[in-house]
Amino acid sequence: MLTDEQIERYQRHIALKEVGGKGQRRLLDGRVLIIGAGALGAPAALYLAAAGIGTIGLVDADAVDLTNLQRQVIHFTSDIGRAKVVSAREKMTAINPGIQVNTYQEWVHAGNILGIIGDYDFVIDGTDNFAAKFLINDACVLAGIPYSHAGILRFDGQTITVRPGESACYRCIFPSPPPKDAIPTCSQAGVIGVLPGVLGLIQATEAIKLLLGKGDLLTGTLLVYNALAMSFDKIHINRNPKCPICGETPSIKELKDEVDAVTHCDLEKS
Amino acid sequence: MNLTVNGKKAAIADKESLSISGLLDELNVADPLYVTVELNGDIMERINFDSTLVRDGDEIEFLYFMGGGRG
Numbered sequence: 001m002l003t004d005e006q007i008e009r010y011q012r013h014i015a016l017k018e019v020g021g022k023g024q025r026r027l028l029d030g031r032v033l034i035i036g037a038g039a040l041g042a043p044a045a046l047y048l049a050a051a052g053i054g055t056i057g058l059v060d061a062d063a064v065d066l067t068n069l070q071r072q073v074i075h076f077t078s079d080i081g082r083a084k085v086v087s088a089r090e091k092m093t094a095i096n097p098g099i100q101v102n103t104y105q106e107w108v109h110a111g112n113i114l115g116i117i118g119d120y121d122f123v124i125d126g127t128d129n130f131a132a133k134f135l136i137n138d139a140c141v142l143a144g145i146p147y148s149h150a151g152i153l154r155f156d157g158q159t160i161t162v163r164p165g166e167s168a169c170y171r172c173i174f175p176s177p178p179p180k181d182a183i184p185t186c187s188q189a190g191v192i193g194v195l196p197g198v199l200g201l202i203q204a205t206e207a208i209k210l211l212l213g214k215g216d217l218l219t220g221t222l223l224v225y226n227a228l229a230m231s232f233d234k235i236h237i238n239r240n241p242k243c244p245i246c247g248e249t250p251s252i253k254e255l256k257d258e259v260d261a262v263t264h265c266d267l268e269k270s
Numbered sequence: 001m002n003l004t005v006n007g008k009k010a011a012i013a014d015k016e017s018l019s020i021s022g023l024l025d026e027l028n029v030a031d032p033l034y035v036t037v038e039l040n041g042d043i044m045e046r047i048n049f050d051s052t053l054v055r056d057g058d059e060i061e062f063l064y065f066m067g068g069g070r071g
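Taken in order, these protein sequences are the chains called A and B. Just so you know, we're using the working numbering here: the first sequence kicks off at 1 and counts up by one. Just so you know, we're using the working numbering here: the second sequence kicks off at 1 and counts up by one.
Think of the hints as simulated: they come from the structure by calculation, not from any bench. Any given hint could be a false lead.
Listed next, with one range per pair, are the computed distances between beta-carbon atoms [to be verified]:
1) N226/A - N40/B: 29 to 39 Å
2) D119/A - D25/B: 22 to 32 Å
3) D25/B - G213/A: 44 to 54 Å
4) G213/A - A30/B: 36 to 46 Å
5) N40/B - G193/A: 46 to 56 Å
6) S78/A - N6/B: 40 to 50 Å
Nothing here was measured: the structure is a model prediction, and the numbers come from that model. Yeah, the Cβ is synthetic: ideal placement off N, Cα and C, and Gly gets one too.
Can you make the complete structure from the sequences, with help from the hints?
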């Protein structure tokens with residue numbers, strides 16, 4: 001049941017026939033993990049907190065720096081130098097004290113990721129490097145946890161939702177990571193600050209729809225966005241029978257870190 | 001030859017034969033080594049780029065790595 005305060009706080013949700021009191025209860029019972037408390041994770045975390053997702057996990061080992069503030073709207077100038085997960089949790093619980101925010105001040109790697117994602121209904125990949133993106137895909141596929149992938153660069157973004165075993169995964173499209181430094185990162189090539197806002201909120205929308213069990217997810221569909229053209233293209237993606245992790249004869253049966261995909265950004269951090 | 005490339009109609013000069021590799025070249029696709037190609041709904045294996053010929057009416061999507069997000 002919802003309290004009087006909850007009925008008032010979530011009135012605009014409850015008024016929707018697709019949500020109602022039951023749906024809001026589902027959101028409050030929902031558990032969403034956001035990996036990366038940065039550009040994509042910031043808008044997702046703020047809106048999921050406001051929406052009353054009862055338990056939200058945040059994973060990030062990094063501290064806030066000045067270059068983050070052009071787009072990572074959950075962090076303020078006064079947060080520079082503070083842990084991103086702590087800074088983000090503060091804003092989320094200020095918006096909504098009725099939610100639980102679990103913080104993991106660490107990077108995900110093959111040794112810890114399954115232990116973290118196992119507690120959640122849905123995972124949002126808000127990371128900025130291919131090693132993490134492939135690891136998150138592999139972990140979610142092996143653990144059978146649905147997740148949202150997104151990537152951004154310059155004025156472009158793309159996102160797909162994966163239901164392991166049912167819809168195409170990231171490796172169905174890209175069987176292995178590009179060699180390190182083959183593809184520019186945002187720190188090298190730049191990114192327009194509003195872009196991850198759009199993509200991160202699409203990811204948050206997917207989380208909410210999954211928890212509600214309403215609407216059509218971006219499963220089997222890569223949404224490709226270009227901010228300059230203001231174009232949204234949906235590309236249908238079939239499962240790939242040759243996929244190395246979810247295909248007919250998978251070669252990846254346990255997690256490993258894609259060390260070759262470590263990027264310039266990671267090298268700077270270490 | 002009329003193809004649909006990334007959702008848009010593309011008229012390609014008629015040739016005896018044009019492979020996926022040839023098409024990547026013809027359209028000056030950037031970083032072709034890192035492009036995934038979807039042909040009529042199915043993701044192609046890279047080893048087949050040279051031997052697979054495009055045909056009139058094919059629908060082709062070039063899919064690109066995009067790595068940013070957190071930092």
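Quick rundown of the hints versus the structure:
no. : hint                       : result
1   : N226/A - N40/B: 29 to 39 Å : 24 Å, violated
2   : D119/A - D25/B: 22 to 32 Å : 48 Å, violated
3   : D25/B - G213/A: 44 to 54 Å : 47 Å, holds
4   : G213/A - A30/B: 36 to 46 Å : 41 Å, holds
5   : N40/B - G193/A: 46 to 56 Å : 38 Å, violated
6   : S78/A - N6/B: 40 to 50 Å   : 44 Å, holds
The structure is inconsistent with the numbered hints 1, 2, 5, although it conforms to all the rest.
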